[in-house]
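K.L.:
Got chain A sorted already, so can you dock chain B onto it with the hints?
For the record, the sequence lines run as chains A and B.
For the first sequence, this note's numbering begins at 1 and goes up steadily by one.
For the second sequence, this note's numbering begins at 1 and goes up steadily by one.
You may find that some hints are simply not true.
[Stated by the list, open to error] Covered stretches of chain B, as calculated for chain A (at least 3 residues, CB under 8 Å):
hint, region
1, 50 to 60
2, 96 to 107
3, 262 to 274
[Said to hold, decoys possible] Derived DSS-like pairs (lysine-lysine); straight-line CA-CA distance at most 30 Å:
hint, chain 1, residue 1, chain 2, residue 2
4, A, LYS4, B, LYS259
5, B, LYS259, A, LYS141
6, A, LYS68, B, LYS48
7, B, LYS56, A, LYS287
None of these hints come from the bench; they were simulated from the model.
Computed from a predicted structure; not experimentally measured.
Virtual Cβ for every residue (Gly too), placed ideally from N, Cα, C.
Here is how the chains run, residue by residue.
Protein chains: 2
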Amino acid sequence: MLNKDLLQMETKDVYANVTEKVKAFKYENPNAEIISLGIGDVSKPIVKPVIEAMHKAVDDLSSMDTFKGYGGYYGYDFLREAILKNEYQQYGFTKEEIYVSDGTKTDSTSILELFDKSSTVLLANPTYPIYRDGAAALNRKVEYTTLDENFVMEIPNKKYDIVYICSPNNPIGNAYNKKDLEKWVDYALKNEAVIIFDNVYQGFVRSKDIPKSIYEIEEAKKCAIELRSFSKTASFTGLRCSYYVIPNQIYKDINVVWKRRTMNRFNGASYIAQKAAEAVFLPQSQKLIKENIDYYLENAKILREGFKKAGYEVFGGIDAPFMWVKSKDQKTSWQMFNYFLKELNIIVIPGIVFGLAGDNYIRISALGKREDGIKCIERMLKNEEKN
Amino acid sequence: MLNKDLLQMETKDVYANVTEKVKAFKYENPNAEIISLGIGDVSKPIVKPVIEAMHKAVDDLSSMDTFKGYGGYYGYDFLREAILKNEYQQYGFTKEEIYVSDGTKTDSTSILELFDKSSTVLLANPTYPIYRDGAAALNRKVEYTTLDENFVMEIPNKKYDIVYICSPNNPIGNAYNKKDLEKWVDYALKNEAVIIFDNVYQGFVRSKDIPKSIYEIEEAKKCAIELRSFSKTASFTGLRCSYYVIPNQIYKDINVVWKRRTMNRFNGASYIAQKAAEAVFLPQSQKLIKENIDYYLENAKILREGFKKAGYEVFGGIDAPFMWVKSKDQKTSWQMFNYFLKELNIIVIPGIVFGLAGDNYIRISALGKREDGIKCIERMLKNEEKN
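Excised from the complex, chain A in its bound form (with noise of 0.2 Å):
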């Protein structure tokens, strides 16, 4: 018998809809020429240092002295000691908390295994819908908050197990401050709640006053997983390297038990992405992923401004590579995308995909070209003033 919990699941991947609907578009009007603002993934490529780091580990796999098998459960000593000494040291962690992964896709929804089936989960309205579909695939309870106008998720008057928040944010494309952040730390310390820190676009802030990491907040590790990744960062999108924190701190044996939960459950992370990993480290590499995080930001600019100019309200873009674009007269968001795919041939994503609170938005992206981003402005503002 099926196992009924996958049946929780939403029916299809959330974007079958947008990619059947440009596909039918396309099948009508052949010689559209589409860009998609719609665009999860990244466009730049892998920079050199961290291709000439896979080049060697290529090499070490064709000789039987360099060889590398098997590579342990929880991520290999130089790179989990990399991560330690680049970003986890400052706040008092050790390689023993951190673990390598495959993605933060497998690790967002696996970390609900390391806690009680009954824990009850508090997702934002609009959410990231992994959290949403991986939940009900392990048939946990899930409710929901919504957004205060700065789009930072209200705290409950109830106790929630799990919180997951997202920040920089996907789909918004806004940030939680240091504020918002103490807010919810001690909503779960109060709470015996757990928080899930979802922290894979990272790499975008630029504020000052937004946090780069959960545990720049006092007692964050009493209470907070921290998620990161090198996708969105250094283009590791089709190679596949994540990482997490799990602080000793929440529960007595929380690191034994996550251990030997993954030492049967999974194999590693590739070697050819772990050493991948550590040369994004190396700082000849930091610089050119600063620059490639830059040029999407600078396109997060360009985007805002131009919807802006185009009579938008825009939210996001700053620390993110995301922008929530609100509607100018009412229309749902499918009736927003509809408008965009066949008066502009411009694809977005309507923002009821990531929640009902979300169906009066589109979510745009930044992560794609430079030239694309402009031409979408250029066809905008021509319509708009035809209009």
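P.N.:
Same frame as chain A, now just chain B:
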């Protein structure tokens, strides 16, 4: 609160006791020249045409025109098509029934999530321990069946929902023949059970009467999921790439549901590993891979004959890289382990880590280096003469 199910797993890595005892022995005997016959990892490096494909894949990631980001949840079409063409078309499967993943450890435990949580699981005693601990972590009820005189799982007289069969077998090193598998397919069909057929050592099969796939058995498509990997055949233990087949015929919508689950829990195997896997099917790779496996099988022959000469009964090692060696004098498997370590400075795996029924056996492996195996035999025979 921590998930109590995770506490059902064995306290430690199954090999942890072995590792600790070896460490203590080394500390007391720093000059001992220790050889491991316990090794479950491969020692041969990755073959040249596959290395070349990886260098090319690394270069693909270095330029904007050829960059590959997210590659889909179930594997690239180029790889699923190569797998289909080379291995599964002959049984009438389609690409949509094939999944590419990051390793059979992940697959063999995650697949339990496909089935209702009340499903009962039947394992062999002794068994590959990951099945046991993976099932415990997911709170599935596990029972065991004994092996017959040919080390084939005995058919139970009651219904189970899920049956794990590993052939060629780890730890015993034997392989199920057509009759053995027909018996189990028959059981599965009569009891509406699903067989999880762990087939990762299929590349080692040389005997004519041993099926290379469970789908050689008529009607297995109605009841069996087959798991394969590039790890032990093409030396991908560090690279991470596996694959499996879920036949549409098992349940209505089985693949619809599993695709939905996979999409929400996994973002695909590394592009480089998938390009490497594609190159495994090249004729020039196949030739070199066969030579590697022949090397291991020749190791197995030398070890088998050596252990026999030393008076042991030895099983397996014909169509698999492992052998199962029985105690000559009713020793327990830890006593055998101690004898080999202390008298001969050879590491073996005590059978009891695979289950109680393994307690008069040790597992030895042919995956190491030829010269090491020969040295072990010499030491053993010299010691026998002495006594």
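K.L.:
Of the numbered hints stated earlier in the document, which are not met by this structure?
P.N.:
No numbers; nothing is violated.
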